[in-house]
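*Asks:* Chains as they are written, first to last, in our numbering: chain D, 15 to 360; chain F, 5 to 97.
Everything labelled a hint here was simulated from the structure, so no lab data went into it. Since this is a predicted model, take the numbers as computed values, not measurements. Just so it is clear, CB atoms sit at the ideal spot from N, CA and C, and this is done for glycine as well. Where hints are given, some of them may not hold.
Here are the simulated distance ranges between beta carbons [stated by the list, open to error]:
id, chain 1, residue 1, chain 2, residue 2, range
1, F, Pro45, D, Arg30, 26 to 36 angstroms
2, D, Asp201, F, Phe41, 41 to 51 angstroms
3, D, Gly148, F, Arg23, 38 to 48 angstroms
4, D, Ser129, F, Ser31, 47 to 57 angstroms
5, F, Gly56, D, Ala128, 19 to 29 angstroms
6, F, Phe41, D, Glu299, 48 to 58 angstroms
7, D, Gly200, F, Ala43, 43 to 53 angstroms
8, D, Asp58, F, Asp21, 45 to 55 angstroms
9, F, Pro27, D, Asp184, 25 to 35 angstroms
10, F, Leu90, D, Glu299, 47 to 57 angstroms
11, D, Gly279, F, Leu90, 27 to 37 angstroms
12, F, Val93, D, Glu359, 31 to 41 angstroms
13, F, Asp75, D, Gly79, 39 to 49 angstroms
14, F, Arg23, D, Ser271, 41 to 51 angstroms
Below, each chain spelled out in residue letters.
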Amino acid sequence: MTTIGIGTVKGAFFLRANGSGWDLEGPTFKGWAVTTFGRAPSGDHLLATGSNWFGAAIHRSRDLGEWEQIVDGPAWPEGGDRKLNNVWTIATNGDATYAAVDQAGLFRSEDDGASWQPVDAFNEHPTRPGWQPGFGGLAAHRLLFAPNDANRMWLGVSAVGVFRTEDGGDSWQLVNKGITKPGPEGDDGEIGYCVHCLVADPDDPDTIWRQEHTGVYRTSDGGDSWERIEEGLPARFGFPIARDAASGALFVVPLESDEHRMPVGGEFRVYRSTDRGDSWHVSGEGHPGEPVYAGVLRDAVATDGRGGVYLGTTAGSINFTTDGGDHWTALPQVLPRILSVGVLES
Amino acid sequence: MPAAIVRIPTLLAEIGDGRKEIPVEASTVGEALEALFRALPQLRVHVFDETGSVRPNVSVFHDARAARDADRLAAPLGHGAVVTVLQAVSGGC
Chain D
15 MTTIGIGTVK GAFFLRANGS GWDLEGPTFK GWAVTTFGRA PSGDHLLATG
65 SNWFGAAIHR SRDLGEWEQI VDGPAWPEGG DRKLNNVWTI ATNGDATYAA
115 VDQAGLFRSE DDGASWQPVD AFNEHPTRPG WQPGFGGLAA HRLLFAPNDA
165 NRMWLGVSAV GVFRTEDGGD SWQLVNKGIT KPGPEGDDGE IGYCVHCLVA
215 DPDDPDTIWR QEHTGVYRTS DGGDSWERIE EGLPARFGFP IARDAASGAL
265 FVVPLESDEH RMPVGGEFRV YRSTDRGDSW HVSGEGHPGE PVYAGVLRDA
315 VATDGRGGVY LGTTAGSINF TTDGGDHWTA LPQVLPRILS VGVLES
Chain F
5 MPAAIVRIPT LLAEIGDGRK EIPVEASTVG EALEALFRAL PQLRVHVFDE
55 TGSVRPNVSV FHDARAARDA DRLAAPLGHG AVVTVLQAVS GGC
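The shape of chain D in the complex, shown without the other chains (with noise of 0.2 angstroms):
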């Protein structure tokens, strides 16, 4: 049975089919913003909850009912001067687990989330005092796993750009070349990017697609070089990148300028790419006959592998395909603001 986790800023909500439609349950961790979702090796179930108020935590389950907060979360040191805000990706390699937060920083797991360590190589990178957060913080959000090799992981971190390790996390490189940053011209410094999103072809690792603050970017050789793909896309800017394996198909849903961030015209429109981001159309049918200006950020995409595509918006409303994007639907439901979306179970 396919079950859905949909994030938002209120509560974590799921979706499960019921061979005609779905069936939506939630609110869990009602109150608390749900930022992302994960497995541990052994199969249970994490999600990240933060709190304005409270803090951010990560809890487990193993039917996606009952959950138990981890006591040993990732977490800076006592007595310091870094807060962690927010958990935006939990993410499992083989026996090793990775959470990436806010304010920007990699924990790793290697008893099946129960404690966590920092990744000193990568937190206290030189070039850390030279970090600077963007609009929505000093963020580690994205890890990508190059399946032919443990060692390869690359980290996508907002505002200072893309990092790579072939080492296994105890070395980090910026792969940034090609990238615009979103300041002024002439800053020739090697950070300052403001990647958004990252999503790779479990094929061909060298391969990876990037959402970024200054439009959209593919590299073929592992982040060494990075050239724009925006033929056919009527704005640069936007949040999430995602691949459906089944057809290979790249989505992105773009967003009117940096200042705008809504859908241009009102015309809310998943946008799809069938040659590796060659070029872009809109996606299929089925999209909203009435203007809609809200935006999906990064984390509230996922893919089921088989042509499911679902992705939560800023309004609260949910959109899928399960052909591929040939096929949109909207739900009824309206939920509070959708953070992240996670394919739970298929």
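Got chain D sorted already, so can you dock chain F onto it with the hints?
*Replies:* Coordinates of chain F only, in the frame set by chain D:
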């Protein structure tokens, strides 16, 4: 040691064990919070931040008096005292 009650808000009760009032034995406000964390260790990170201080948008009261700073946390508790942890009126949406 005096018996006291720690009251916590709904959001914390729901990630604790459901109780909104936790009886403790403690001599000071700070000890009452530590007793709360011994019973429900997952709550520490939600009341104190990395500086070791009460989170900026969390309020602590000793009976009806604000008690978030170090001096007030060291204030002695009388028998039957109530320590209240509250979601502050700041910080929300």
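*Asks:* None of the hints should be skipped; say for each whether it holds.
*Replies:* Against the structure, the hints come out as follows:
1. F:Pro45 <-> D:Arg30: 26 to 36 angstroms: 33 angstroms, holds
2. D:Asp201 <-> F:Phe41: 41 to 51 angstroms: The hinted range 41 to 51 angstroms holds for Asp201 of chain D and Phe41 of chain F, with Cβ atoms some 46 angstroms apart.
3. D:Gly148 <-> F:Arg23: 38 to 48 angstroms: With Cβ atoms ~40 angstroms apart, the hint holds.
4. D:Ser129 <-> F:Ser31: 47 to 57 angstroms: 32 angstroms, violated
5. F:Gly56 <-> D:Ala128: 19 to 29 angstroms: 24 angstroms, holds
6. F:Phe41 <-> D:Glu299: 48 to 58 angstroms: 55 angstroms, holds
7. D:Gly200 <-> F:Ala43: 43 to 53 angstroms: Since Gly200 of chain D and Ala43 of chain F have Cβ atoms about 58 angstroms apart, the given range 43 to 53 angstroms is violated.
8. D:Asp58 <-> F:Asp21: 45 to 55 angstroms: 20 angstroms, violated
9. F:Pro27 <-> D:Asp184: 25 to 35 angstroms: Violated, since Pro27 of chain F and Asp184 of chain D (Cβ atoms, about 49 angstroms apart) do not stay within the stated range.
10. F:Leu90 <-> D:Glu299: 47 to 57 angstroms: 50 angstroms, holds
11. D:Gly279 <-> F:Leu90: 27 to 37 angstroms: 45 angstroms, violated
12. F:Val93 <-> D:Glu359: 31 to 41 angstroms: 39 angstroms, holds
13. F:Asp75 <-> D:Gly79: 39 to 49 angstroms: At roughly 44 angstroms between Cβ atoms, Gly79 of chain D and Asp75 of chain F fall inside 39 to 49 angstroms, so the hint holds.
14. F:Arg23 <-> D:Ser271: 41 to 51 angstroms: Between Arg23 of chain F and Ser271 of chain D, where Cβ atoms are some 50 angstroms apart, the hint holds.
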